[in-house]
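Trainee: Each chain, letter by letter, is given below.
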Amino acid sequence: MAKTNAGRFFEDYKLGDILVHAVPRTVAEGERALYHALYPARHALYSSDEFARDCGLEGSPLDDLAAFHVVFGKTVPDVSLNAVANLGYAEGRWLKPVFPGDTLRSVSEVIGLKQNSNGKSGVVWVKTRGFNQMGEVVMEYVRWVMVRKKDQDLPAPETVIPDLKQVIPAEDLVVPEGLDFSNYDFDQAGEPHRWGDYEVGEKIDHVDGVTIEEAEHMMATRLWQNTAKVHFDATFRPNGQRLIYGGHIISMARTLSFNGLANAQMIVGLNGGAHANPCFSGDTVKAWTEVLDKADTPAPGVGAIRLRLVATKGGEPFDLKGEDGKYKPEVLLDLDYWALIPQ
Amino acid sequence: MAKTNAGRFFEDYKLGDILVHAVPRTVAEGERALYHALYPARHALYSSDEFARDCGLEGSPLDDLAAFHVVFGKTVPDVSLNAVANLGYAEGRWLKPVFPGDTLRSVSEVIGLKQNSNGKSGVVWVKTRGFNQMGEVVMEYVRWVMVRKKDQDLPAPETVIPDLKQVIPAEDLVVPEGLDFSNYDFDQAGEPHRWGDYEVGEKIDHVDGVTIEEAEHMMATRLWQNTAKVHFDATFRPNGQRLIYGGHIISMARTLSFNGLANAQMIVGLNGGAHANPCFSGDTVKAWTEVLDKADTPAPGVGAIRLRLVATKGGEPFDLKGEDGKYKPEVLLDLDYWALIPQ
Amino acid sequence: MAKTNAGRFFEDYKLGDILVHAVPRTVAEGERALYHALYPARHALYSSDEFARDCGLEGSPLDDLAAFHVVFGKTVPDVSLNAVANLGYAEGRWLKPVFPGDTLRSVSEVIGLKQNSNGKSGVVWVKTRGFNQMGEVVMEYVRWVMVRKKDQDLPAPETVIPDLKQVIPAEDLVVPEGLDFSNYDFDQAGEPHRWGDYEVGEKIDHVDGVTIEEAEHMMATRLWQNTAKVHFDATFRPNGQRLIYGGHIISMARTLSFNGLANAQMIVGLNGGAHANPCFSGDTVKAWTEVLDKADTPAPGVGAIRLRLVATKGGEPFDLKGEDGKYKPEVLLDLDYWALIPQ
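In order, the protein sequence lines correspond to chains Y, V and P.
For the first sequence, the working numbering assigns the number 76 to the initial residue and increments by one for each residue that follows.
For the second sequence, the working numbering assigns the number 76 to the initial residue and increments by one for each residue that follows.
For the third sequence, the working numbering assigns the number 76 to the initial residue and increments by one for each residue that follows.
Isolated chain Y (complex conformation):
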């Protein structure tokens, strides 16, 4: 059908292409409430306007991952509708908090292309930026996906693989303007553990688990206007199961990590991430974290902590990879991010 969006194929991407993604979105108190209904979200800075103001912000922002999902969701029709695989994330930075009433839109640039040797598909790297209504960049990240080629007779483009940082240096992290943890209320936040209490190499089992329901992951995925068929149409995949949006697992694992990381309040950097195995309705998601690094920030009382967040279904705590170096089948997500935590 000429009128509907068939999505882009590998040959439709050119290096330097600017993709202006559709459907701007105003976010407000409704999205905040739904985030609390869909995930066990308890980080105080995103729950209480009073707590956020006591930390120097104008009020409680939209959860950082909710902002990510809104920005990401807009890119789906232009980037991943015909994607075979979502291969990775890098250089993700949150640059401005998103407040109720803000309107977000997304723009991506094609920064890398590499046709696969079989000639049937290729890898596309895009750098995506989310903007608010003032034209300020609220977040940015690089994502790469494998996309099918439609016309396999077309020549391969020149291979360009972007030079991406394995880890965002702590000095490149942007601390929200005004953030001040000098008078941080640990009682109200829920745990006493501060920056100095975490050691590099320490692992935390977040204990709690959530069994996933179809209605919930679909509502979450729709809320971000991510309309990939595979998440909604049970007839789309041969086994009749809807594939759960990887971002749903990210938010589920992050909110479960409250239990042990209640003070890792704001996410400011996304170093990388892999959706190791698919997740389906009925799976029970648990999470564990490893402390990877720590750093200072210039903001009063604010430290940075680099965390590996792993989501699993079943299995044992701290499961990750097998002897073959591959993710164990019960591992859903392996995410590497920077958070801000009181010192």
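If you are wondering where the hints come from, they were derived from the structure by calculation, not from laboratory data.
One or more hints might be untrue.
A pair counts as met if it fits within one copy or between any two copies, since identical chains are not told apart.
Unchecked claim - Mimicking SDA-like on lysine to any residue, the simulated pairs with C-alpha atoms at most 20 Å apart in a straight line are:
| id | residue 1 | residue 2 |
| --- | --- | --- |
| 1 | K78 | D394 |
| 2 | K202 | N157 |
| 3 | K304 | S356 |
| 4 | K78 | R269 |
For this one, chain Y is given, so just place chains V and P on it according to the hints.
Mentor: Here is chains V and P on its own, set in the frame of chain Y:
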């Protein structure tokens, strides 16, 4: 029980009766967010305050169908609690956008009555108006339902069948005050197709599908305070299945139609509609549209387009009626409406 | 793991302990909309800002039970994480309406302790207060739970059983400032029955039923940031069923009671309550009410009515206890509360 509402029976309606429906409702950002969570809603005018303002409105209104559901939901206890069948809609017009903070209430007038020849039931026609807190009519429509008679010995009322328009003439459509599509942003709206790109008779397969879950249709139906037992109580029907509110299918089909009709932004007229077959949890809903007519409007850059929106479960694209003239069993909805679209 | 919350055991409670519960929460229009989506909520005072203003309030408050759930949810990590049973409620009073934008936090005091004779567990009584951002108490209640003892060799504490009122005297009920039912609109409220129309001893079958879904009770329970594992993790209990939060049944029964008690608008007192039997997904919840008492209030046109609200799954209307004096297996909830109703 004397205290609970047993609903009205056919003999309880008199021509000219005014039914003041209960429970006024203030709608706000929460309802907007839930509409996005429950349906794949992406029309930009209802997603972004900025986009709506660029189109001359004061901000993003509540989705037209959400406004319809709120107005409709209030009528259920007085009109359709004992209804055997929801027979049709006509002469529906949206007269004022509903904005966050508005409070809606509904009033209906009995405009037609016809007892069935078996003496056991009859058809009631009501004209319903939804009002905002300023007393302005935000929408109106005619609906007719078949209602059981309680005392079959009572005489039949005089038969009065209202003279209803098959189609609302384009000149009777009300374009919201200030609406101006002169500077419409097609990139942000998601598709390039404008009024002139659609031809009468053209059919569009909207491609995407959503498999329906119990939790979702119940949340949607409750959100509009429609409390008909059959939607919520699995023990109510002999087969243990909850019947899905027909309005849920209308909203699902309309939001799926974004893919191909992203610019058919505002609904302004409802010419007619049939809930051809019931829908149950587990059904996968798809949608297609046929362009029925086109018209000018006096507003700058604003055209009107008349669309037949059909929702199906399974089957082939463009399925509608069999050789016997009856709806095929996979057809759920056949809706005839007017939308506003940039020229 | 040292970083996660293992919950308190019986020996961790001392008489007079003040428990400052974590995670303050700002509630707004989003929570109101979700309450309407999750429950068949129709009481006009909580649905319409206009109706609430006509009753002398500044606008529509958060549903009283939603306020209760928010206050209660915060206490779970400190009070009931290791609870074996939720034994009772008493002396619950709503003292200030909660309005959109308010931020709630909770503080509890240990007011009673009694070790069980087996030495393996004990009963803890706490008095919980919910505060808004001005430091005003919005509600208070006493709850007692049976909690496991971790180290059974520790000596039993001195037994202190608080002296709790069986029923809150009507003169201790707090009517919200400004509440005035003199010009109450019975048409908009949905039923004509006023204070004088109800007789002590009268029973009302609320007729409607709702079949419970996993996704809905989990969303409701999360919305109040109640994170007890047993509600979310299907692998936690031997039979693979998630136990439904008792508060979900309270809200379901109360909202079902609209049909027959549409004018019992505001809840001001909780005299007691028992979760008689557990509820699971697939159960169909119905409700009935018995009028226990009536009283005057000093506010214009405002009467108080004391109601026993019983929720059941299956069974017959008005089922309660068997000949052995124990709750019948189909009874889920037996709640004793005071509401305000127009005279």
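Trainee: Would you pick out the hints that fail for this structure and give their numbers low to high?
Mentor: Hint check: nothing fails, all pass.
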